[in-house]
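J.: Sequence:
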Amino acid sequence: MNTFPDGFRALVIGASGGIGAALVEALTENPRCGHVQGLHRHSDPAVDFDIEASVAAAAAVLGQQSKFHLIINATGVLHTHDVMPEKKLSDLNYTQLMDTFRINTFGPALVLRYFTPLLDPARSAFAVLSAKVGSIEDNRLGGWYSYRASKAALNMLLKTAAIEVKRSKPQAVLVSLHPGTVNSKLSQPFRGEEIGRPASDTAQDLLKVIDQLTPADTGGFYAYDGQRLPW
15 MNTFPDGFRA LVIGASGGIG AALVEALTEN PRCGHVQGLH RHSDPAVDFD IEASVAAAAA
75 VLGQQSKFHL IINATGVLHT HDVMPEKKLS DLNYTQLMDT FRINTFGPAL VLRYFTPLLD
135 PARSAFAVLS AKVGSIEDNR LGGWYSYRAS KAALNMLLKT AAIEVKRSKP QAVLVSLHPG
195 TVNSKLSQPF RGEEIGRPAS DTAQDLLKVI DQLTPADTGG FYAYDGQRLP W
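Heads up: the sequence shown begins at 15 in our numbering, then just goes up one per residue.
Among the clues, some could well be false.
[To be verified] What follows is a set of in silico ranges between Cβ atoms, one per label pair, in the way DEER data are often shown:
| id | residue 1 | residue 2 | range |
| --- | --- | --- | --- |
| 1 | 43 | 239 | 18 to 28 Å |
| 2 | 49 | 101 | 36 to 46 Å |
| 3 | 49 | 106 | 35 to 45 Å |
| 4 | 59 | 156 | 33 to 43 Å |
| 5 | 226 | 131 | 18 to 28 Å |
| 6 | 242 | 185 | 18 to 28 Å |
FYI, nobody ran anything at the bench for these hints, they're computed from the structure. All values derive from a computational prediction rather than experimental measurement. Built from N, CA and C at the ideal position, the CB exists for glycine as well.
Sequences are here, hints too, so could you generate the full structure?
T.: Here it is as structure tokens:
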């Protein structure tokens with residue numbers, strides 16, 4: 015993270031997940047990072063997307079501290095113990111759509127609202143973990159309706175927020191990131207253990223991409239290898 019100031023402050027929301035925990039570990043081990051804060055449902059303060067007020071409350075607590083140079087929202091859901099991604103239109107149901115959007119879209123939207131004011135105006139980045147399958151242009155296989163749609167909506171929210179934040183913090187970079195297939199709970203039912211990369215490698219890749227981005231890249235959609243992805 016050579017483009018960030020020495021002793022930079024970082025925040026990871028969704029720090030209890032596979033990628034989130036790996037990001038916290040990677041940042042903790044980075045000698046140039048002065049402070050790493052990880053938030054999740056059971057942290058103090060807690061961020062729970064089932065409780066809207068928790069997002070604002072957590073931001074209020076951290077807002078009493080110094081500004082952050084790096085904020086990453088690493089939350090996301092593809093399936094649960096009871097529900098798998100919809101393969102066809104006849105699988106669609108209101109409950110699954112709402113649950114998926116709450117975690118993948120609505121929660122991160124509130125994070126954008128309440129946490130972008132905590133960005134350092136000099137040099138900072140705000141990243142959300144999206145997914146390549148959320149690219150409308152790249153959709154060639156279909157299926158996974160609510161997951162694809164929730165990530166596409168997240169990308170639009172990020173893009174729109176980037177335009178607004180640029181007016182008050184022109185040096186800030188807001189981006190959507192595709193982490194690739196990772197060996198985590200999210201991907202394990204889909205050959206994640208066979209074709210997925212370790213979460214630790216993914217964390218390093220994502221941090222490298224963020225480090226290379228400039229204010230001119232704000233509002234973009236990037237893969238873990240630095241490739242710019244189509245909307």
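J.: Hints numbered earlier in the text: which of these fail when held up against the supplied structure?
T.: Failing hints: none at all.
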